[in-house]
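Student: Just so you know, the protein sequences line up as chains A and B, in that order.
Start counting the first sequence at 7; every next residue gets the next number (the working numbering).
Start counting the second sequence at 111; every next residue gets the next number (the working numbering).
Any given hint might turn out to be false.
Unchecked claim - Cross-link-like lysine to aspartate or glutamate pairs, in silico, DMTMM-like; alpha carbons within 25 Å at most:
no.: 1; chain 1: B; residue 1: Lys125; chain 2: A; residue 2: Asp383
no.: 2; chain 1: A; residue 1: Lys16; chain 2: B; residue 2: Glu230
no.: 3; chain 1: A; residue 1: Lys69; chain 2: B; residue 2: Glu149
no.: 4; chain 1: B; residue 1: Lys372; chain 2: A; residue 2: Asp383
no.: 5; chain 1: B; residue 1: Lys119; chain 2: A; residue 2: Asp67
no.: 6; chain 1: B; residue 1: Lys467; chain 2: A; residue 2: Asp24
no.: 7; chain 1: A; residue 1: Lys358; chain 2: B; residue 2: Glu124
no.: 8; chain 1: A; residue 1: Lys295; chain 2: A; residue 2: Glu256
no.: 9; chain 1: B; residue 1: Lys441; chain 2: A; residue 2: Glu60
no.: 10; chain 1: B; residue 1: Lys431; chain 2: A; residue 2: Asp24
no.: 11; chain 1: A; residue 1: Lys74; chain 2: B; residue 2: Glu124
no.: 12; chain 1: B; residue 1: Lys155; chain 2: A; residue 2: Glu42
no.: 13; chain 1: A; residue 1: Lys69; chain 2: B; residue 2: Asp492
Stated by the list, open to error - Short derived list, chain B residues pointing at chain A, Cβ under 7 Å:
no.: 14; residue: Phe139
no.: 15; residue: Ala141
no.: 16; residue: Thr181
no.: 17; residue: Gln200
no.: 18; residue: Ser434
no.: 19; residue: Lys444
no.: 20; residue: Trp553
Rather than coming from a laboratory, the hints here were simulated on the basis of the structure.
Note that the Cβ used here is the ideal one computed from N, Cα and C, for glycine as well.
Residues per chain, in single letters:
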Amino acid sequence: MSNLEALQTKIQYEKTFDCVQCGYCLPACPTYETMERETHSPRGRINLVKMVAEGKASIDDLKDPIEKCLGCMACTTVCPTNVQYGAILEGAKEVIEENEVKSPSQEKVEQFIFNTFFPSSNWMGALSNAAWFYKKSGTQRLARITSASRMAPLNLDKFERVLPEVPSPVERLTRKRHVLPDYKLTTKVAFFTGCVMDGMFFKTNANTIELLRRSGAEVVLPKDQTCCGALHAHSGKGTSAKELAKRNIEAFDIEDVDYIVNNAGGCGAKMIEYEKLFEEGTSWYERAKEFTSKVRDISEVLVELNALDFTTPVNRMVTYQPSCHMSNVQRVTEPPRILLESIPGLGIKELKQPDFCCGSAGIYNIVNYEDSMEILDVKMQDVLGVNPEAVVTTNPGCLIQMKLGIEREQLEDQVEAMHLVDLLMEAKPVSKRG
Amino acid sequence: MEEWIEELKDILPEKQVMTELSDRHSYSFDASFGEYLPEAVVQVKNKQQVIHVLKVANQFRIPVYPRGQGTCLSGGPLPVQGGIVLDISQWPPLIDVHADDLTVIVSPSALTADINNAAEEHGLMYAPDPSSAHVATIGGNLAENSGGPRGLKYGVTKDFVLGLEVVTPEGEVMKTGGQTIKNVTGFDLTKLIVGSEGALGVITEATLKLVPKPPAVQTILAVFDDVRKAGQAISKTLTSGILPSKMEFMDQACIQAVENFKPAGLPVHAKALVIIELDGHPETLAIEKKLVQEIMEKIGATETVIPQTAEEANGIWQARKQVSPAIAQIKPTKVSEDATVPRSKIPDMMDRLQKIKEKYNVEVVVFGHAGDGNLHPNVLCDKRDQEEMGRVEKAVEEIFEAAIELGGTLSGEHGIGTMKAPFLESELGPVGVDMMRRIKNSWDPNGIMNPGKIFAEKGQRLVLRSE
Chain A
7 MSNLEALQTK IQYEKTFDCV QCGYCLPACP TYETMERETH SPRGRINLVK
57 MVAEGKASID DLKDPIEKCL GCMACTTVCP TNVQYGAILE GAKEVIEENE
107 VKSPSQEKVE QFIFNTFFPS SNWMGALSNA AWFYKKSGTQ RLARITSASR
157 MAPLNLDKFE RVLPEVPSPV ERLTRKRHVL PDYKLTTKVA FFTGCVMDGM
207 FFKTNANTIE LLRRSGAEVV LPKDQTCCGA LHAHSGKGTS AKELAKRNIE
257 AFDIEDVDYI VNNAGGCGAK MIEYEKLFEE GTSWYERAKE FTSKVRDISE
307 VLVELNALDF TTPVNRMVTY QPSCHMSNVQ RVTEPPRILL ESIPGLGIKE
357 LKQPDFCCGS AGIYNIVNYE DSMEILDVKM QDVLGVNPEA VVTTNPGCLI
407 QMKLGIEREQ LEDQVEAMHL VDLLMEAKPV SKRG
Chain B
111 MEEWIEELKD ILPEKQVMTE LSDRHSYSFD ASFGEYLPEA VVQVKNKQQV
161 IHVLKVANQF RIPVYPRGQG TCLSGGPLPV QGGIVLDISQ WPPLIDVHAD
211 DLTVIVSPSA LTADINNAAE EHGLMYAPDP SSAHVATIGG NLAENSGGPR
261 GLKYGVTKDF VLGLEVVTPE GEVMKTGGQT IKNVTGFDLT KLIVGSEGAL
311 GVITEATLKL VPKPPAVQTI LAVFDDVRKA GQAISKTLTS GILPSKMEFM
361 DQACIQAVEN FKPAGLPVHA KALVIIELDG HPETLAIEKK LVQEIMEKIG
411 ATETVIPQTA EEANGIWQAR KQVSPAIAQI KPTKVSEDAT VPRSKIPDMM
461 DRLQKIKEKY NVEVVVFGHA GDGNLHPNVL CDKRDQEEMG RVEKAVEEIF
511 EAAIELGGTL SGEHGIGTMK APFLESELGP VGVDMMRRIK NSWDPNGIMN
561 PGKIFAEKGQ RLVLRSE
């Protein structure tokens, strides 16, 4: 196989031919809107991948356009020919990653972040503990720990201010791994805790488990679960993503459950695509398929179980900011809205462009801070138009980003950003059957 | 850096003059065939910037190719001879509705669907509705004289243009037409520029005509077991005193493709479907609906379906919209043509298409705006297969020949561009083409505006193969 042929296989050259260049993706693409050029549109990126595969452009020419893609996948929902943009994007990222010449220290830092930090709940716990310590003691420890990554222009001081209160290390350690409902079981689920969710939004995870329990579900938290691998796949580290998928498949395989529930749109999106990481026909492919068939967002499960009565009115006007990965990859759009509508007293106003990405996109807002803020500004204009008292999200990245947006607009006193799950708990749900 | 690029940067913000390879590649294509690398991509955001670019280009003899959002199906914005792609898509959009005059003033960057939405807020409608209306700019629509399903009743883009502001190839500003519905002053340069595919200048503003938005619409679906009968039913309806707003046609291959792709409950054994939309006052529609139904059944429709709710009607139109993606599943490359014939010749054209399909052993499916004779024969192929693409080129040539022989035209709504330039003379004759060339040469003495389009180079042929 020639070099070009090998490159063509890796970069998903064949898949680029599904694109008929109609341009229907342009109005859906946030970076096309803010960066104002075809180079930063899905159609432009697919064309560049093709040019690289044909030897007409270099991998270097591809780097910036691909790295500036949020991966929000809004283009895939409007594409009339079902182009597999996700596969093309990840293929391009892998090729760029392999081509990259990195300094030894950069290598070390990345290895730490992707191979040690994210897959390890200990490290996430450590981060969380540090955050707790930071909040309590006011030192710069968190900033120091995270900025050790040196991942390009970091603006962690900006994010630090919007991080939520985190539980004490003791609270984290004493969490139960097996929760039973008060009454007859209807279903058994395994809960995927996620790294950022568990590290930063421990309380939201606890609320999620409680909502499931009150819905009559037996909840288990498999001990050996690890990071979903989304951040690795989006950074061109396909091999690591695959390893993490295997570990999760194994961790959840030991439990005989109806669903594998998550409350992070981005993690869910990665996990429902696990089988795509493996070759068809292999046993891992089959195991992954079995796994993905059980993956559900918390909102889907709550709507399906339909076991809760919300007893306390929440007299607030909110708007819903859907997670891109939940809408465009998991294609879960209605359940969160159904849940919001079932809260008494709640006023709900739709954004003009709810499907426009908030700019969080995994760690995009950290590595491409300026670009991310331009996208966030577009989102915040929309939010200002609705003038809500809360922005409801379903993904930790979006949650932090919306908090940041609110702070940038100096609206902290008027608007809060919150996870759907926490809002649901505020309405004091009780079991319909209980 | 070339001197002319330096001169461009004198006035334009740096961000708006792109010379990086990745940016140049990103503007090297449109929704048709072929890729040509420009030397620079220049984004303009106001009239002064257009004047500056054209003055520099004219001075240095650099070709300029105006471009909207690049949805063109005939190659209009392709930089075939290098030079400058002039991107107008980032111009801040202006849509200024003058409801009392039933007009709207727009910037070239306004999206066509947005113009219609703005008009609807005043109970009005901008009628031309190309399928790409939610993506395409009005500037591109004006240049290519785009059509759409509603063309049957309302016409194409040119029928809605009252006046234009244009920057000439030498960088001067001119106005054509005006703000009034009636205007017979002098030569009709408005109509000359609309559809001139960017070869005569750059449109910087347009005044468009609006019409009252019809209060109601009615959809009817008619099923046929014979293509000829479907054609006759279309003609009969149109001569009966009823003018539907849309009359769309789908052949059996399209029906089956849609049902394989996203089942919509279409009758897969039918040879043809005609989807009709009537618009107007609800009481008129009730009468016209019955009449159309009677005509369809009398000519031989095996079934007529009257949707009972807006959702049901929407379902039928959704199925029609699925044709393009559905047929792309048959084979990845779609050569979408818009050969148009007199309405009475639709059945003959269908016969010719069948023969062409067999002769060259290519996949051809047909759908389109049959009410105005504007068919979209789509040849489905794979552009990686050079041998097949050779056969496709021949088949497409013969499709054009068939349309012209039947008294039709090369293009009903897509324009000539690069794709159909080699066939222009066969429709217009040598004198017709020569007169057009003379107009072009006097408007654009240095030949900088969108060269390589409409007029073929000597010996130029249709090319769908990249190598």
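Student: None of the hints should be skipped; say for each whether it holds.
Tutor: Here's how the hints hold up against the structure:
no., hint, in the structure
1, B:Lys125 <-> A:Asp383, "holds (20 Å)"
2, A:Lys16 <-> B:Glu230, "violated (49 Å)"
3, A:Lys69 <-> B:Glu149, "holds (21 Å)"
4, B:Lys372 <-> A:Asp383, "violated (37 Å)"
5, B:Lys119 <-> A:Asp67, "holds (23 Å)"
6, B:Lys467 <-> A:Asp24, "holds (23 Å)"
7, A:Lys358 <-> B:Glu124, "violated (32 Å)"
8, A:Lys295 <-> A:Glu256, "holds (13 Å)"
9, B:Lys441 <-> A:Glu60, "holds (21 Å)"
10, B:Lys431 <-> A:Asp24, "holds (18 Å)"
11, A:Lys74 <-> B:Glu124, "holds (20 Å)"
12, B:Lys155 <-> A:Glu42, "holds (12 Å)"
13, A:Lys69 <-> B:Asp492, "violated (29 Å)"
14, Phe139, "holds (6 Å)"
15, Ala141, "holds (5 Å)"
16, Thr181, "holds (5 Å)"
17, Gln200, "holds (5 Å)"
18, Ser434, "holds (6 Å)"
19, Lys444, "holds (6 Å)"
20, Trp553, "violated (29 Å)"
Hint check: violations occur at hints 2, 4, 7, 13, 20; the rest are consistent with the structure.
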